[in-house]
Amino acid sequence: RKEVEQDPGPFNVPEGATVAFNCTYSNSASQSFFWYRQDCRKEPKLLMSVYSSGNEDGRFTAQLNRASQYISLLIRDSKLSDSATYLCVARQNNNDMRFGAGTRLTVKP
Amino acid sequence: GAVVSQHPSWVICKSGTSVKIECRSLDFQATTMFWYRQFPKQSLMLMATSNEGSKATYEQGVEKDKFLINHASLTLSTLTVTSAHPEDSSFYICSAGGGASEQYFGPGTRLTVT
Numbered sequence: 234r235k236e237v238e239q240d241p242g243p244f245n246v247p248e249g250a251t252v253a254f255n256c257t258y259s260n261s262a263s264q265s266f267f268w269y270r271q272d273c274r275k276e277p278k279l280l281m282s283v284y285s286s287g288n289e290d291g292r293f294t295a296q297l298n299r300a301s302q303y304i305s306l307l308i309r310d311s312k313l314s315d316s317a318t319y320l321c322v323a324r325q326n327n328n329d330m331r332f333g334a335g336t337r338l339t340v341k342p
Numbered sequence: 007g008a009v010v011s012q013h014p015s016w017v018i019c020k021s022g023t024s025v026k027i028e029c030r031s032l033d034f035q036a037t038t039m040f041w042y043r044q045f046p047k048q049s050l051m052l053m054a055t056s057n058e059g060s061k062a063t064y065e066q067g068v069e070k071d072k073f074l075i076n077h078a079s080l081t082l083s084t085l086t087v088t089s090a091h092p093e094d095s096s097f098y099i100c101s102a103g104g105g106a107s108e109q110y111f112g113p114g115t116r117l118t119v120t
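As you go down the protein sequences, you meet chains V and A in turn. Numbering-wise, this note's numbering comes out as the position in the first sequence, counting from 1, plus 233. Numbering-wise, this note's numbering comes out as the position in the second sequence, counting from 1, plus 6.
Keep in mind that the hints were calculated from the coordinates and are not lab data. Note that CB positions come from ideal geometry on N, CA and C, so glycine has one too. Take the hints with a grain of salt, since some may be wrong.
To be verified - In silico BS3-like links for lysine-lysine, alpha-carbon gap of 27 Å or less:
{"no.": "1", "chain 1": "V", "residue 1": "Lys278", "chain 2": "A", "residue 2": "Lys26"}
{"no.": "2", "chain 1": "V", "residue 1": "Lys235", "chain 2": "A", "residue 2": "Lys70"}
{"no.": "3", "chain 1": "A", "residue 1": "Lys26", "chain 2": "A", "residue 2": "Lys70"}
{"no.": "4", "chain 1": "A", "residue 1": "Lys61", "chain 2": "A", "residue 2": "Lys26"}
{"no.": "5", "chain 1": "A", "residue 1": "Lys61", "chain 2": "V", "residue 2": "Lys341"}
Stated by the list, open to error - Going by beta-carbon spacing under 8 Å, a handful of chain V positions derived as facing chain A:
{"no.": "6", "residue": "Asp272"}
{"no.": "7", "residue": "Gly287"}
{"no.": "8", "residue": "Arg309"}
{"no.": "9", "residue": "Met330"}
{"no.": "10", "residue": "Ala334"}
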């Protein structure tokens with residue numbers, strides 16, 4: 234079983250749609266969690282950290298459920314520029330980051 | 007924000023040759039850097055943790071004699087793929103940072119072994 238699992242998608246949605254990605258992690262010792270965005274043939278870039286209380290950054294909302302070892306990302310009012318692969322990340326300690334395989338999103342006009 | 011660079015950005019080499027990839031932290035010192043490999047449509051897989059002034063720590067299944075890592079200064083780590091084979095063709099990405107802060111990724115190096 235992979236340490237971090239995501240629905241690979243692809244998710245194809247129209248502009249303006251709301252889309253949700255889910256992620257589960259297997260290591261209960263994971264301490265911090267992130268969503269990264271990766272464009273084709275580029276390096277990952279931090280989208281947002283994920284906190285147990287839930288956090289929002291503009292159109293993006295992240296949730297963490299430690300009991301279920303579940304992480305989510307909600308994107309509202311999708312833009313064409315949101316098209317990318319979204320990577321779920323669980324970090325066990327300060328150094329050890331485990332990546333999900335990513336969920337591919339395509340936003341269409 | 008912090009910047010991490012990699013060189014080269016892409017390289018094509020013949021089977022059996024060695025390729026060196028550099029990872030530099032441009033505006034901060036990094037005692038620890040990380041090397042990842044990503045095959046098409048797959049996740050980033052941590053290969054090794056590079057520690058300044060000491061030996062790298064390799065993940066299980068990664069051959070340390072094939073993937074040589076040198077972290078000789080606080081701003082530079084190098085990954086040398088020795089005796090490269092076509093199955094080593096991949097996207098190699100380094101990162102630096104850590105602690106409570108985010109990891110900053112280099113732009114990646116696309117290696118094609120023919």
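Structure-based check of each hint:
Between Lys278 (chain V) and Lys26 (chain A), the direct Cα distance comes to roughly 24 Å. Compliance with the 27 Å bound is thereby established for this hinted pair. Of the pairs offered as hints, the one joining Lys235 (chain V) and Lys70 (chain A) holds, with about 23 Å between alpha carbons and a cut-off of 27 Å not exceeded. For the suggested pair Lys26 (chain A) and Lys70 (chain A), the alpha carbons sit about 14 Å apart, so the restraint of at most 27 Å is met. Between Lys61 (chain A) and Lys26 (chain A), the direct Cα distance comes to roughly 17 Å. Compliance with the 27 Å bound is thereby established for this hinted pair.
A C-alpha spacing of about 48 Å is found between Lys61 (chain A) and Lys341 (chain V), which places the hinted pair above 27 Å, so the restraint is violated. Contact between Asp272 (chain V) and chain A, as hinted, is not supported at the beta carbon level, the nearest pair being about 11 Å apart and thus beyond 8 Å. Annotation: Gly287 (chain V) was flagged as interfacial toward chain A, and the flag is violated, the nearest CB pair being 19 Å apart, outside 8 Å. For Arg309 (chain V), the interface hint is violated, the least distance from its beta-carbon to any beta-carbon of chain A being 23 Å, above 8 Å.
Restraint check, Met330 (chain V) versus chain A: the minimum CB separation of about 6 Å is within 8 Å; hint holds. At a threshold of 8 Å, the smallest CB-CB gap from Ala334 (chain V) to chain A is about 4 Å, leaving the interface hint in force.
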